[in-house]
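There are 2 protein chains.
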Amino acid sequence: MNFDAVIHNGTLVTVDDRMRTIENGWIGIHEGVIRAIESTAPDSPPPMAMLTINAVGGIVMPGLVNTHTHLPMTLFRGLADDLPLIEWLDDHIFPAEARFINPETVRWGTLLACAEMLLSGTTCCCGGYFHEDAVARAVAETGLRAVLAQGVIDFPAPGVPDPGKNIDHARNYAQRWKGRSRLITPSIFCHAPYTCSDVTLKAAKAAADDLGLIFQVHVAETLFEREQSIKEKGLSPVAHLDRLGILDRRTLLAHCVWVDEADIATINRRGCAVAHCPESNMKLASGIAPVTGMQSAGVMVSLGTDGCASNNNLDLFGEMGTAAKLHKVATFDPTALNAASVLKMATIDGAHAIGLADHIGSLEIGKQADLVILDTRAPHLTPMYHPESHIVYTAGGADVRHVLVAGRQVVRDRRLLTIGIGEVIDRVNAIAQEIRLSHNVIES
Amino acid sequence: MNFDAVIHNGTLVTVDDRMRTIENGWIGIHEGVIRAIESTAPDSPPPMAMLTINAVGGIVMPGLVNTHTHLPMTLFRGLADDLPLIEWLDDHIFPAEARFINPETVRWGTLLACAEMLLSGTTCCCGGYFHEDAVARAVAETGLRAVLAQGVIDFPAPGVPDPGKNIDHARNYAQRWKGRSRLITPSIFCHAPYTCSDVTLKAAKAAADDLGLIFQVHVAETLFEREQSIKEKGLSPVAHLDRLGILDRRTLLAHCVWVDEADIATINRRGCAVAHCPESNMKLASGIAPVTGMQSAGVMVSLGTDGCASNNNLDLFGEMGTAAKLHKVATFDPTALNAASVLKMATIDGAHAIGLADHIGSLEIGKQADLVILDTRAPHLTPMYHPESHIVYTAGGADVRHVLVAGRQVVRDRRLLTIGIGEVIDRVNAIAQEIRLSHNVIES
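As they're listed, the protein sequences go chains A and B.
Residue numbering for the first sequence follows this note's numbering, starting at 5 and increasing by one per position.
Residue numbering for the second sequence follows this note's numbering, starting at 5 and increasing by one per position.
Pulled out of the complex, with its shape left as it was, chain A reads as follows:
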């Protein structure tokens, strides 16, 4: 068989159904798809190909799938930390968004986010924001795979000054991007049940359904949200969404921190996936989502970083380590969320959550060649008894050496090949300087 690219001399962590690890493995890629996964004797030469990548004994693994983020919010990274949620939103994030979010700033913030994700081993992300046309165009430049949603909220928003047109705006965006790019899938994202009316929620879900797309919504992020929902509607946020008929296999629920057993049963019965964002939930003091309970019930729980204003980075390796440790201490069970299960959350379960499990999320013949090669010859990754343990508990995004998306090498020797990082950093710094000056005025 002819291969366009061959990766050899690595430990393959496949995340396939049997969670196979293949020592001294090689992978053959043709037309962006994995066509061979085999092990060889250490010294036998790999098959010939246009591109040969030597993993030099490192780990070869599926690219990570970040199922909840807001790409342009890199612009606000670390702008305001250590604050109560309402003060953080009302006094810092919302004013900054109103003043500085436009197609041009969104473009640079998105390029920065994609650079950060690709360099740290994330090959696919899912999320939403405003000016999503600009987001999608920027993502396409970087070679990242993504499910990108236009945000819907019943207030004036960047690019959607009239909330009465928010559904039309989202539908038009989704129609424009459906089938337009091999790597980008459009989606529609309602901000939350407390910021979108029932009419809006149903119309947005219907628009997503019409186009066969994933519908996303933040839900049950804080105790306040839950208590307010129960007080005003007599229903938990999840029960409220269920009553509207918008929970099904194409609905992705972000956060689900404050869900009880009845909510979990509903989520499971409807087949919704959950995007769990442990670091954001910790930093904003929102709470600890009942991940082990959701998983036991059968719910597909994936991992997200959330936006950079609340985390403050997009490193899904760090998110894996945090998730694995957080739920151990939260349940007093050191066997909870073991390394293999967390690795699945960040790969194949994420792929399921966003409807792409037939194409990505594991190293298997017939799947897209979205993969990451870790350099493990470093003090902090020595010795290596169990590759999965290193991926979850020890490695960081900085250990990523090479990255391929759909067979195309986008990171080589820790350098991004698709866009020039220098210009992106300079442009974001210039935008940040304006935000900083404005923010100092707000603070004084």
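Think of the hints as simulated: they come from the structure by calculation, not from any bench.
Where hints are given, some of them may not hold.
[Stated by the list, open to error] Counterexamples of contact, computed for chain B against chain A with all Cβ distances above 12 Å: (1) G36; (2) K169; (3) N176; (4) R186; (5) K237; (6) A361.
[Claimed, not checked] Pairwise CB distance ranges, derived in the manner of DEER restraints: (7) B:E438 x A:G424: 46 to 52 Å; (8) B:L441 x A:G216: 35 to 41 Å; (9) A:S43 x B:R22: 45 to 51 Å.
Cβ atoms here follow ideal geometry from the backbone N, Cα and C, with glycine treated the same way.
Since chain A is already given, all that's left is putting chain B on it; use the hints.
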């Protein structure tokens, strides 16, 4: 003034009493000591010196102080994860220690640990293990500053087959190393109140006091330990140690997860410092230490990684981020452990905890030049509104570019200058191969 070294063109995060940040700063170093800290116009040339380091706009900060670790346990990194504590210890760690810990393996494991710490910005560590002579000799080779304790336990231990001689062994070690090395301070470490008799605890503390050294002990790590102590002795672990008269300003308490208000009052009254190890406590599902309560009471709480068998790395940047986020969610207070306070825990508070605050822990004139330069020109550190936020919430050990200890450059452009990492990695891998073979036998 003449300087041996000058660092310029950086943002100085001093962690001094006023938590000053100095833009466009420079630092002058003479005979290992900081002699000047000033700001300059961006284009003005720095003073002349033998060594000039350009921080190229990055962050210059005090070296991190890791107050609780067990250096040679790098040998067991990731050997056994996701297990209950007792099974982890009895079936994996203790058998591996009994069989594989000797002066030669301890040497290579320690060199690996020091390489990992220096490369990730830790310039001083405190901890203890067995064969501590070999540990101290290895640490001295690497240029790391350290407080290193011989371990004391009332069981046969590596290098101390007769527990009746454990105090003599520790005292002899401490005497040999007192005043011997400018960078290494000996110490004595009793494993825990449940593995050391009252006689042993008092004798070990007396030996440390005789020599004016820090005494260390694991205490109140698990609920089981607390409940057993109350059942058997009628006292909490902390109250038990207090009754023995061994709590004072030169006693460092590791963990303190299960301490109540009376314990906290005791710790504060006696002036003990605490080494908080959030990631180890999370991974082993031990619990969440009441850090905000201890700090409110006035207790000096520092940060430690614990050994690599339970974490699984020695990156104190990661530990800062975890601590900051964990205690926010544990207290439902997003203002808890803000970035500045966590940075202090990992620097000046750590220096206080190990008795070295007059010499290290901040960038101040007259202190030792133990410092770290971060490369901030990277997507994940862009933009930078608040340097302290980046240090705690965004940066990782991999962002460390240069490191100095006592004015000596030990890391340059991410490469360790003091020892050859390649040989260390190869030797540890060879030891790990033996452990792996033996361990497979145990597992089968």
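How the hints compare with the structure:
1. Distance check for G36 (chain B) against chain A: the nearest CB is about 25 Å away, which clears 12 Å, and the non-interface claim stands.
2. Taking the minimum C-beta to C-beta distance to chain A, about 32 Å, the non-interface status of K169 (chain B) holds against the 12 Å cut.
3. With 12 Å as the threshold on Cβ separation, the claim that N176 (chain B) sits away from chain A holds: the shortest Cβ distance comes to roughly 31 Å.
4. No beta-carbon of chain A comes within 12 Å of the beta-carbon of R186 (chain B); the shortest separation is about 24 Å.
5. For K237 (chain B), the condition that its CB be more than 12 Å from all CB atoms of chain A holds, with the nearest at approximately 24 Å.
6. The beta carbon of A361 (chain B) sits about 25 Å from the closest Cβ of chain A, which is more than 12 Å, so the claim that it is off the interface holds.
7. Between E438 (chain B) and G424 (chain A) the C-beta distance comes to about 48 Å, which sits within the given range of 46 to 52 Å.
8. Between L441 (chain B) and G216 (chain A) the C-beta distance comes to about 53 Å, which lies outside the given range of 35 to 41 Å.
9. Taking 45 to 51 Å as the suggested C-beta distance range, the pair S43 (chain A) and R22 (chain B) does not conform, at roughly 60 Å.
When held up to the earlier numbered hints, the structure conflicts with 8 and 9 and fits the remainder.
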